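> These protein sequences, in sequence, are chains A and B.
Count the first sequence with the working numbering and you get residues 1 to 383, in order.
Count the second sequence with the working numbering and you get residues 1 to 188, in order.
For the record, the hints were derived by calculation from the structure and aren't laboratory data.
Don't take each hint at face value.
[Stated by the list, open to error] Derived EDC-like pairs (lysine to aspartate or glutamate); straight-line CA-CA distance at most 20 Å:
no., chain 1, residue 1, chain 2, residue 2
1, B, K117, B, D104
2, A, K255, A, D344
3, A, K116, B, D119
4, B, K132, A, E117
5, A, K119, B, D119
6, A, K131, B, D15
7, B, K117, A, D138
8, B, K179, A, D344
9, A, K131, B, D49
10, A, K45, A, D96
[Said to hold, decoys possible] The following label-pair restraints were derived from C-beta to C-beta distances:
no., chain 1, residue 1, chain 2, residue 2, range
11, A, Q135, B, Y28, 35 to 45 Å
12, A, P95, B, R85, 45 to 55 Å
13, B, Y28, A, E140, 11 to 21 Å
14, A, R132, B, K101, 23 to 33 Å
15, A, I368, B, D45, 48 to 58 Å
16, A, K336, B, D45, 56 to 66 Å
17, A, D23, B, L186, 32 to 42 Å
18, B, L30, A, K336, 28 to 38 Å
19, B, T157, A, Q135, 32 to 42 Å
20, A, S65, B, D15, 55 to 65 Å
21, A, G91, B, T157, 38 to 48 Å
22, A, P33, B, D3, 56 to 66 Å
23, A, Q135, B, D133, 13 to 23 Å
Small disclaimer: the values here were computed from a predicted structure and weren't measured.
Where is the CB? At the ideal position from N, CA and C, for every residue including glycine.
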Amino acid sequence: MIKLTTEHIEEIRRYFLADVEEDQLLILNSIQPSYISSFLPQLKKIFTGQENADTNLISFVKSISAEDQLEALKEIQKDYYTHLAIKYNSGVSNPDIETLVKTNNTHFINEANFQKELKRAFHLNERADVKRKFQELDNESDISPEEITLAFKLEERKQLKEIFKIIENATVLKQASPVIQFNWKRLAIAATLIGAMLTTIFYVFDKKTNQTDLASVSNIEKQHIADSITNRNSKTKRLTDLLANKALPFEEENKLVLKKASLGFAANEEKITIRTYLLQSEISKIDDEISGDTLNKDRSETTIRSLKLKRDSLMNLENKYNFNNAILTLYLSSKKNVKVFKIDTSYYLKVNNIFYECKMPSKLLPLIPTGISTSNKIEELIF
Amino acid sequence: MSDDDIIEGIKNFDDIAARSLYNSHKDYCLRFMNKMYFDEEGNKDIYQDSVIVFIEKIRDRKLTLENTSIQTYLNSVCRNQVLVRLKQKNKPVLIDDWGNKYNDKYTDWFDEQAEIKTDRIKIIMEELQLMKDKGQVCYELLRKAFFENKTMEAIATSMNYTNADNAKNQSYRCRERLKKQVFERLKQ
């Protein structure tokens, strides 16, 4: 007798797990050697038998000297129950299923029940999954309170960063040497020196123009000579005027210093004179001159350079202040509502809606916004 | 998507169909439920469950819409649930005038018996979830074979098995493994 091989076991498996009867018949007729096909109905009887299927299977494999294939056949038996249970739960029946149900075969019934539970478990898991997906769909088409809060937070963060940048820039300016000194003595010396320099330049170039190598002088230099001659005095005057701020518009008013105890009506309340220079209009005028928008103005390189210098100086003055000769001088871009406060011995300014420290310095200092707690304290004074 | 496309998509476990089903009928259902009884969260819950009921009925082949739109079906199911809940709370209906936008015969809901989670069911659910979280092929195989009721040929094609027999053998191996894990936990 030929022993049952792995190939035979495979064929036997295919037979039992075949979906349709025709396939089973095909396998039955094709299996080699042909006597093995006689094992198949015997095995079917054992698998669908009422009881002692295991014992019967052991006896069977002994009878065909195929004890080494016992485990493989047990495997086929289990798969066969699974296969029939799937059909049974789908509402399909056949003689084998009917026998198993009729004989109340424990293996088969347990397998069928397990598969029902498996299906239900999938259903319930799926339901939870679907509900979760629906919630996500709802969230996609809605804005949550948390998202709104976050949007506000990020916007606030951006604004704070911009304020910090302004403070940083003001700190850098404070650390740099001032462009313009406002000491009258030094002012006069500087004006004289500049005048002398320009006169010298004029003299040297004037001499040079009389020389035969005039042709070698570049156009720029020629223009410079011309500028020096015609604009020497007006340029000096412009610089001097700038330094003296005589050309800059300003407003001056006496302001009451608001304190905790004051209501502003007592005759002996502290007052302070505030002179506010309004820089923007001057800066705009210079911009127009630089861009050539103003007619009949000279447009040489030197002139442009000096105009730019003047403009930069004015821009550097913006948002600075000092306190000299009992006058608090503010350099602002344009007219703003200014109030002065005093808490204990410290002074503060409110320019439009922002609070600044006011140290009453003699030299120019940038306006630095106060912290939120200080602003709140000052607000209490007003309200 | 048309009603027919949605139904076909639902049968094939198509996510896009499920999304379309949910989104395109939601506003109408919520509007009239809120008129009956204003409970935003509760009514949204009813709507979600109604859509799930519809999906399950379609997949189990237990529902055929004859001359009825999906919207009417969902309106009917939602309306019925609102009435049930109002009755339980002894609250009156505020407005109940929907013309012909609902049909009294559609009162489907979840099968309460099937809702009971026995210990065994809970353990099977947990083990399946574990399989899914670990990305195991067994989960897909079991799902297609035992939940989606796909044929072995279809499974073999979609999961790149050489033939249907291999797919079948593999799915049975997976089932055995799951069973072993479940019964081990039941013994504890």
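> It remains to establish, for every hint, whether it holds in the given structure.
Hints, one by one, checked against the model:
1. B:K117 to B:D104: violated (30 Å)
2. A:K255 to A:D344: Status holds; Cα separation ~18 Å.
3. A:K116 to B:D119: holds (14 Å)
4. B:K132 to A:E117: holds (18 Å)
5. A:K119 to B:D119: holds (15 Å)
6. A:K131 to B:D15: holds (13 Å)
7. B:K117 to A:D138: Violated. K117 (chain B) to D138 (chain A) sits at ~28 Å, over the 20 Å cutoff.
8. B:K179 to A:D344: The hint is violated at about 82 Å.
9. A:K131 to B:D49: holds (8 Å)
10. A:K45 to A:D96: holds (9 Å)
11. A:Q135 to B:Y28: 35 to 45 Å: violated (20 Å)
12. A:P95 to B:R85: 45 to 55 Å: Roughly 50 Å apart at Cβ, these two residues keep to the hinted range, so it holds.
13. B:Y28 to A:E140: 11 to 21 Å: Once the Cβ atoms are compared, 19 Å apart, the range 11 to 21 Å for E140 (chain A) and Y28 (chain B) holds.
14. A:R132 to B:K101: 23 to 33 Å: Given about 29 Å between the Cβ atoms, the range holds.
15. A:I368 to B:D45: 48 to 58 Å: Check passed, 56 Å falls within 48 to 58 Å.
16. A:K336 to B:D45: 56 to 66 Å: holds (57 Å)
17. A:D23 to B:L186: 32 to 42 Å: Roughly 37 Å apart at Cβ, these two residues keep to the hinted range, so it holds.
18. B:L30 to A:K336: 28 to 38 Å: At 53 Å between Cβs, range violated.
19. B:T157 to A:Q135: 32 to 42 Å: holds (33 Å)
20. A:S65 to B:D15: 55 to 65 Å: Distance hint for S65 (chain A), D15 (chain B) holds at roughly 56 Å.
21. A:G91 to B:T157: 38 to 48 Å: violated (25 Å)
22. A:P33 to B:D3: 56 to 66 Å: holds (59 Å)
23. A:Q135 to B:D133: 13 to 23 Å: holds (20 Å)
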